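Asker: Can you make the complete structure from the sequences, with help from the hints?
In order, the protein sequences belong to chains A and B.
Residue numbers for the first sequence follow our numbering, beginning at 1 and rising by one.
Residue numbers for the second sequence follow our numbering, beginning at 1001 and rising by one.
Treat the hints as calculated values from the structure; they're not laboratory data.
These numbers come from a predicted model, not from an experiment.
Treat each hint with caution, since some may be false.
Calculated from the model, a selection of chain A residues having no Cβ within reach of chain B, i.e. all distances over 12 Å [what the hints assert, rightly or not]:
no. : residue
1   : H136
2   : H140
3   : R209
The calculated lysine to aspartate or glutamate pairs, modelled on EDC-like cross-linking and capped at a C-alpha distance of 20 Å, are [to be verified]:
no. : chain 1 : residue 1 : chain 2 : residue 2
4   : A       : K72       : A       : E54
5   : A       : K72       : A       : D102
6   : A       : K138      : A       : D148
7   : A       : K72       : A       : E59
8   : A       : K94       : B       : D1029
9   : A       : K94       : B       : D1167
10  : A       : K138      : A       : E42
11  : A       : K72       : B       : D1167
12  : A       : K72       : A       : E191
Footprint (simulated), chain A over chain B, 3 or more residues, beta carbon under 8 Å [unchecked claim]:
no. : region
13  : 1003–1014
14  : 1097–1109
Ideal placement from N, C-alpha and C gives every residue a C-beta, glycine not left out.
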Amino acid sequence: MTETTITTDAVTTTSTDGAGDAPVRILEHPGASVPLAFTQDELGWLPWLEPADEATLTERQYAGLVDRSRVKSDYFRLLVRDPDILRARTLTDKDIFYNAADGLGRAERELAAAATSRFNGCIFCASVHARFATHHSKRHDDVQRLLDLGVGAEQDALWRAVVDAAVALAATPSRLESEHLEALRDAGLDEQAVSDVIHSAAFFNWANRLMLSLGEPEEPRTGEAGG
Amino acid sequence: MTDIIDRLAGVRPGGSVDALRRHRPATRDNAQASYDALFTDPDERHASLAERASVAQFVAILHDDEVAATHYGALTRSAGGDALADAVADAATAARTEGPYGEYPADGPLAAESVPGPRLTLDDAARAVLGERLAAALGHAHLLVFRPRESSAVALATLADAGWSTDGIVTLSQLVSFLAFQLRVAAGLRLLTTKDAA
Chain A
1 MTETTITTDA VTTTSTDGAG DAPVRILEHP GASVPLAFTQ DELGWLPWLE
51 PADEATLTER QYAGLVDRSR VKSDYFRLLV RDPDILRART LTDKDIFYNA
101 ADGLGRAERE LAAAATSRFN GCIFCASVHA RFATHHSKRH DDVQRLLDLG
151 VGAEQDALWR AVVDAAVALA ATPSRLESEH LEALRDAGLD EQAVSDVIHS
201 AAFFNWANRL MLSLGEPEEP RTGEAGG
Chain B
1001 MTDIIDRLAG VRPGGSVDAL RRHRPATRDN AQASYDALFT DPDERHASLA
1051 ERASVAQFVA ILHDDEVAAT HYGALTRSAG GDALADAVAD AATAARTEGP
1101 YGEYPADGPL AAESVPGPRL TLDDAARAVL GERLAAALGH AHLLVFRPRE
1151 SSAVALATLA DAGWSTDGIV TLSQLVSFLA FQLRVAAGLR LLTTKDAA
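Answerer: Listed below in structure tokens is the structure:
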């Protein structure tokens, strides 16, 4: 059975199931300004389900957040309803993107994330990682071209190879072929860096689906959910 | 303990792909920890192992990954029985297509990139075996696999109406999304492994 109520900033639909769980409150945000185009601007993110209550978080849930400051993010406080997978996801994410002593450069890891997000249609994820790609590469216009014109937009040889590999891997079923990996090697990447492209691109198929499935982006406001 | 991505990708111990993976131990260990959190002795209050395995089997088949489909299919058989695994396999095989596709808002600048495509349909016989909760979960998995940009609050309400709790929906979302990662790492590493053997 469902019942809809309108509060100050969200329409809440409550579903009562037969299993004795607390009713599911679906949060809609009819007043939100949802971005319709890809952007490097900072966006907000609005959850469609209730984040966990900060006052009742367990130590296991804090462990799931990894960084205690993430308790202020609606996104992470929603995901912390299942803390063990959140913790493992977050540690996977951090190593794939920030462990850059060797292998693929930071800019190209972010490019793979941005290209995947552009192709899958995650405006929020693309905004964060396009901005990071610009920060690390200082190539704002090349990144913006990816957002404006799409994954086929002109890029130099290395970025072409990274974008093409990420897009091929994002297809379901994957269309990644040995030729994509050869193009990465031809553009100067070693085997660890090729593996890093695979991991960076693959990870954003996870991140995109989490962000897209549980809430929606909102036009610029302060704070960042991460991704 | 066997590493699941090594198994799915056919990584040879001591080979070059094994070395690449062991050079990134935090990634390797936490990809495994992710799998363990979802499938190895999980908290079943909000999503049973049979439900998790069924969704994973379904997603693996949608990705055309025979090795993973066999792995997760076996998990469905042990946790939920042969009839369930067969029903999931039939539903997934009939639902295979190519993604990502989906609509962008018709009044926005991305409308020209909208690509129509199929939704999951399940017949009454399949629904009878799967039950309402799992039928809704497979519908949601199909949405997230093929047209993630069409995700919506309404889709979550559909899950809630089928009996999924808030925590259960979060777990289901993580599970489908994690598999989108795991299956792609395996697919990519298989190509590197092929080079390893050449």
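Asker: Identify every previously stated hint that the structure contradicts and give their numbers, smallest first.
Answerer: 3, 5, 9, 12, 13
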